[in-house]
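> Residue numbers (this note's numbering), protein chains in the order written: chain B, 1219 to 1752; chain A, -6 to 320.
Keep in mind that the hints were calculated from the coordinates and are not lab data. Heads up, some of the hints might be wrong.
What the hints assert, rightly or not - According to the in silico footprint, chain B covers these stretches of chain A (three or more CB under 8 Å from chain B):
1) 64 to 76
2) 154 to 168
3) 189 to 197
4) 243 to 256
5) 264 to 270
What the hints assert, rightly or not - Negatives, chain A to chain B, calculated, CB over 12 Å:
6) 25
7) 93
8) 94
9) 216
10) 224
11) 260
Just so you know, even glycine gets a beta-carbon here, dropped at the ideal spot from N, CA and C.
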Amino acid sequence: MLDFPRWKVISISLLLAFGVLMSLPSLFFGENHKYWPTFLPDETINLGLDLSGGSHILLEADPADVAETRLQTMEESVRAEMRRANPRINIGDISRKDGVLSFMVRDSTQVDAAREALLPLTTGAGLTGQRDWDIEVRDDTRFVVSPTSAGLDNAVDNAMDTATDVIRRRIDEMGTREPTIIRQGDMRIVVQVPGLEDPEALKELLGKTAKLEFKLVDFEADPNAVAEGRPPVGSQIFPYPDNPSGLPNIAVKRLGGISGDKLTDAGQGFDQETNAPVVNITFDTEGGAKFARLTQNNVGRPFAIILDGEVLSAPNINEPILGGSAQISGNFTVDEANQLSIALRSGALPVELQVVEERTVGPDLGADSIRKGMIAAIIGTAAVLAFMVVTYGRFGFYANFALALNLFLILGIMAIFNATLTLPGIAGFILTVGSAVDANVLINERIREERRRGRRVVQAVEVGYKEASRAIFDANITNVIAGLLLFIFGSGPVRGFAVVLIIGIVTSVFTAVVVTRMLVALWLRRTRPQELVI
Amino acid sequence: MKLLKLVPDTTNIAFLKWRNIAVAISILMIIGSMALVAQRGLNFGVDFVGGQMIRTTFTQMEDAPITELREKVGALGYGDPTIQRFGQPNEVSIRMKLPTGSDQDPELANTMADEITGMLKTEYPDVRIDGVDSVSGKVSEELLSKGVWSLVGAMLAITLYIWIRFEWQFGAGALFALFHDVALTFGFFALTQLEFNLNIVAALLTIIGYSLNDTIVVYDRIRENLKKYRKMDIIALLDLSVNETLARTVMTSLTMLVALIALIIWGPDVIFGFAAAMFLGVFIGTYSSVYMAAPILIWLKVGPDSFVPPASAGDRAEKLGDPEEVG
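Can you make the complete structure from the sequences, with help from the hints?
Written out as structure tokens, the structure is:
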């Protein structure tokens, strides 16, 4: 017991000093970073959204949505391939029922050619070499193209990756500081934005798919049929809420449009004549050429600007637009035009996302929680400290010293890992204070007992530490198990609690057993007391 | 210096004399708790049933206009809100269950929350929105199942650990004690109708950890005494072990309670349910280590030979070893 080698003392002290040093930036220099010497590490603890205020938004995609979009694209590719084939392959109407694409080849001698043309569309899904679509020919001429599950998984995966990037760009454009955007599981994306004042604007922006299309208006369509939602052949119906003619719908040509993924830039501006807010867009070379062709061939006719399946406006093409830039008009406010341009600049979401969970904490409540949490922590700690000294005297003081170091260590370790402190985390902190002294209580009670049994001072202390450590070990392992499960199954703030709890258990065993043992050993060696006050 | 001693140096309380009555009472309380949960149900928060919860402060008013709020929120057509004060009289929480049709449209909880905050902002210029939680049905189902699994998983994992470290009788005793603690905590929440949310699951897991902490300290002493006093009657031995660890039990429970009282009185309102659950948990956890975990050992016939029986078991015990023997 008395034999506590110098190297141990030094290494323990260094470790503690390091822990304390690491905790200082979070404790005192959070706001005043400039006072902290730059040559020292300056990692700090993050404050959870429930303390700093801000929004946590969980977005979820619908896999059926991805499947449907994919099927649509496939249909377009199939049509294009069949038209491009030489000789052209005539097909019957394509149906998109039950998630599969099916159509007839009119001329049965062309079946092989059709299959040949379709094969390149079914490239492998990922590295496994599996095909992403299955092609089947039934009853000699009917083609059934169905997505394989590997292909679908792959498509969903890609869509979610792209969606995550798009969301990151959109939030960056909003100028929010330090957002966290993480893909979670197969279908979800977590967005956390600290200190956000207006979560609605954020949700508005995230909820926009921003799929932009330009399509020619089918002005020959029968207005009554359009109003009832019956499209003429080759056209489709879109809702048009701001239609000057009053009709809720408009018919546009299915083919020959341009989609907004050819954009290179978008920005808010004003219409030169009406001074109304508009969005100016610029196409890339390919898109620009296509747009020029479309406008050249259709001067005097209207084209519809469609955003997320809704027509914004349907202006007439007054002259060919050759420069590769165009203007989107609609009934915008400046803010709306601005938001739309952000959404267009950052690209379209490949899949629609829904907000399935939102937790927002106002900055006032967060600050209030920190203040109250701190007060409770200080009072609780002070009471426990006083209690320990009154009960165990010198040994209580050592336990308290260890407890104080323990608190610094927890903060230091959290800072090293950039862990997040949440409101339940503060509770975890206070609980650690309550339970951290348990190890010392066990040891001290054991020392008392051994003294009563007549052991000599040094021996009693030694046996006390040794006998108590077994129970301390077992008891803390079970706590770690509970903490780990809390971490695995918990979410958000509860995880923050688990982190503090687990770190607290590890550091408290270290400080309560090793550090106090060192202090006691040094004291015993120096004074060699004949009697113990404990 | 005279030090404080809460528990005299040597106590000799016949704790286990009351074991039959205590266990009977406990079983009645467990049944009572289950009946309460079945009959009144738990007041699940939005974490577990979905819907939305908005916390607001009316900065210019003394009292929040609760009746008026109930009407105005109800008029939005999503159903009747649960409006509760928390903290100051001008602070209220407005809770809404998931509206019908939310299985088709997961975004409905969110739309509802937006509409209610929008209404509050236009109707009451002085209102401050302190927090909005909106959870769809799908997410809340997941949170609930995760919560249940973490509780069940923790109980089983811990039991397994004790079984390995001690003997199977101890594992069974610990599991029984844990079940008791968890059941009674559920009963407490059914009785008080305090909101049962994710934080409470965290509290339950912490109670499990703490209760076990206590049980293990007693068990460790029982194991030690079993080896030391091989001839002693089991009941006397259990009493001795509980008495020997009594000072520690009281002391640790007190430090925990002190910390928790600070949380209950001065801590943030949001954490109140959590702290209250923990406070209760410290009591029932301490009680269960004496009156649930220990008596079982009698019924399961634990004796000195439980630790040094036939050769195979002896080998196992040695291989696992105790920390003191290893290091």
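> Three residues or more, CB to CB closer than 8 Å: is that satisfied between the stretch 154 to 168 of chain A and chain B?
holds (count 3)
> Within the assertion that chain B covers the stretch 189 to 197 of chain A, do at least three residues meet a Cβ-to-Cβ distance smaller than 8 Å?
holds (count 4)
> With d taken as the least Cβ-Cβ distance between residue 25 of chain A and chain B, does d exceed 12 Å?
holds, 26 Å
> May I ask you to check that residue 260 of chain A keeps its beta-carbon over 12 Å from the closest beta-carbon of chain B?
violated, 4 Å
> Under 8 Å between beta-carbons, do enough residues of the stretch 64 to 76 of chain A, three at least, approach chain B for the coverage claim to hold?
violated (count 0)
> Quick check: do three or more residues in the stretch 243 to 256 of chain A have a beta carbon closer than 8 Å to a beta carbon of chain B?
holds (count 12)
> Quick check: the stretch 264 to 270 of chain A, covered by chain B? Criterion 3+ residues, Cβ under 8 Å.
holds (count 3)
> Closest CB-CB distance from residue 224 of chain A to chain B, is it above 12 Å?
The assertion about residue 224 of chain A holds, with a minimum of 19 Å to chain B.
> Taking the closest pair, is the beta carbon of residue 93 of chain A still more than 12 Å from chain B?
holds, 18 Å
> Would you check whether the claim that residue 216 of chain A is not at the interface survives, using Cβ distances to chain B and the 12 Å cut-off?
It is violated; residue 216 of chain A is separated from chain B by about 9 Å at its closest Cβ, not greater than 12 Å.
> Verify that the Cβ of residue 94 of chain A lies farther than 12 Å from every Cβ atom of chain B, and report whether the claim holds or is violated.
holds, 14 Å
In terms of the numbered hints stated before, the structure departs from hints 1, 9 and 11, listed from lowest to highest.
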